[in-house]
Amino acid sequence: MSINTERKAGLLLAVSSLPGSFGVGDFGQDAFNFVELLSKTNAKYWQILPLNPVGYGNSPYQTFSSFAGDEIYISIEKLYEALGLPLTPQKVVNNSATYDSARHAKDKYLRRAYDSFEKDKDYKAFLKEAAHWLKEYAEFMALRKANNNTAWTDWTIHKADKKEVEYQYFLQYVFAKQWFELKSYANNLGLKIMGDIPIYLGHDSAEVYFKRELFHLDKDGRPTLVAGVPPDYFSDEGQLWGNPIYNWEVHKDTKYDFWVERLEWNQKLFDTIRIDHFRAFDTYWVIPGSATTARDGEWRIGPRNDFFDAMYARIENLELVVEDLGDLRPEVLELRDDFGLMGMQIIQFQLKTDEIERDKNMDKNILAYTGTHDNQPLGGWVKDNGFKKKFQVRRDIKKATGIKEKNMVDLINHYALSVNANLVILPAQDIMRLGDDTQMNRPGTVGSPNWEWKLKYLEDIKAGLKRFETWIEKTNRI
484 MSINTERKAG
494 LLLAVSSLPG
504 SFGVGDFGQD
514 AFNFVELLSK
524 TNAKYWQILP
534 LNPVGYGNSP
544 YQTFSSFAGD
554 EIYISIEKLY
564 EALGLPLTPQ
574 KVVNNSATYD
584 SARHAKDKYL
594 RRAYDSFEKD
604 KDYKAFLKEA
614 AHWLKEYAEF
624 MALRKANNNT
634 AWTDWTIHKA
644 DKKEVEYQYF
654 LQYVFAKQWF
664 ELKSYANNLG
674 LKIMGDIPIY
684 LGHDSAEVYF
694 KRELFHLDKD
704 GRPTLVAGVP
714 PDYFSDEGQL
724 WGNPIYNWEV
734 HKDTKYDFWV
744 ERLEWNQKLF
754 DTIRIDHFRA
764 FDTYWVIPGS
774 ATTARDGEWR
784 IGPRNDFFDA
794 MYARIENLEL
804 VVEDLGDLRP
814 EVLELRDDFG
824 LMGMQIIQFQ
834 LKTDEIERDK
844 NMDKNILAYT
854 GTHDNQPLGG
864 WVKDNGFKKK
874 FQVRRDIKKA
884 TGIKEKNMVD
894 LINHYALSVN
904 ANLVILPAQD
914 IMRLGDDTQM
924 NRPGTVGSPN
934 WEWKLKYLED
944 IKAGLKRFET
954 WIEKTNRI
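Under this note's numbering, the sequence shown has 809 at position 326, and the numbering climbs by one with no breaks.
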């Protein structure tokens, strides 16, 4: 089922990219202030990146769980206020997320808060509601700590400390409580939250550790087959992600219970769910676990319609958007259309004369972006392209739409919002006219500076939001 929307606009900004007082954006007052500012533009969607607990490289697409939330997003200020605990104000001012220092600093405050926390009815209700994943996750994280945060295939200690398990329960309860407060605030202001979930799980995750039969692993738990993509327009070398491949036969035998539980939980967290790498439900790239390059893979047939039949039969009011970019065969689009799913288009890749002309007849059931977290910000695109290309784009956009803007980045933003797609989402970097140094992720690379860009002050986005508001009005997306 596609999302129920007609000519709406939204903004893409990771929670980690908010200012935050510990060096990484979180669910604190800056988040509430941002939501209020965004709602005043008449945008109707705030799209975020996955909120799951990140590990090496800080990638939200390689996480320790596909259910749990990362405690780095917990607002210490709001938690201490709720518990009546004294707190010396913190204010780390930076434009690059400092995950390690923020995590280290917050852990001290969180453990102190846990020592003062009294379990109430809400807490016990949460434990019951999340029981299908929480117990395993808490035990997994306690075991990771006991084993010096090594990968689970290298563990020598296999009995978790009970107090550490309880501490993990507490973290997930506080995360959920604060997130739902923020989500409720956004919803009351007319904003929907679009969450993002990766199709694959990280190998070093609670679900892979406890549900090994659902993946292609050897007797020691190491992946025999891993995920990635062959070379495409995102990467000349392809991408070797390294995530373990699903054993789809086992999933089918269990009526896709794991996926039903996963989507049901995320449906509680978000109003709409964007599934990354949708094409893998049709055909997925399989790479031997011992391979060193994504080129060494092959295509295999995925669960296709059987999977989505099961999801829609068992989950009510499921709103999905699917990332259907990349090297696709026609059957991928057929699968998307069989279920009326909203697909995606990237305007940055469609700035040729014939494509601008064709965009006038773009299908309505599309989520259009200027770019995603994997794309070069428009400021970088403008810098890299010469006068001839920019002249062509200006000429063709004016001819097709009549739109004129002095600033080239503004022109492409305005044009993107004018297309026929029912939903258009712009990255915060694009409305702010930012360049390559603010790109959120560079496909095919791991580690810094990926996932680190953030706002230094909330004030920095206000001028961009004002422009955004004007374009929304002019393109009739109110």
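Among these hints, one or two may not hold up.
Derived pair list, reagent style DSS-like, types lysine-lysine, alpha-carbon separation capped at 27 Å [unchecked claim]: (1) K527 to K847; (2) K602 to K847; (3) K574 to K527; (4) K618 to K602; (5) K523 to K949; (6) K873 to K523; (7) K660 to K527; (8) K618 to K607.
Derived Cβ-Cβ restraints for the label pairs, each shown as a range [what the hints assert, rightly or not]: (9) K574 to L811: 44 to 50 Å; (10) P569 to D821: 34 to 40 Å; (11) E781 to D920: 35 to 41 Å; (12) R778 to L811: 17 to 23 Å; (13) D715 to K889: 18 to 24 Å; (14) G567 to N730: 48 to 54 Å; (15) A946 to N671: 24 to 30 Å; (16) P771 to N890: 44 to 50 Å.
These are computed hints drawn from the structure, not numbers from a lab.
Just so it is clear, CB atoms sit at the ideal spot from N, CA and C, and this is done for glycine as well.
### Hints breached by this structure
The structure breaks hints 2, 3, 6, 10, 13; every other hint is satisfied.
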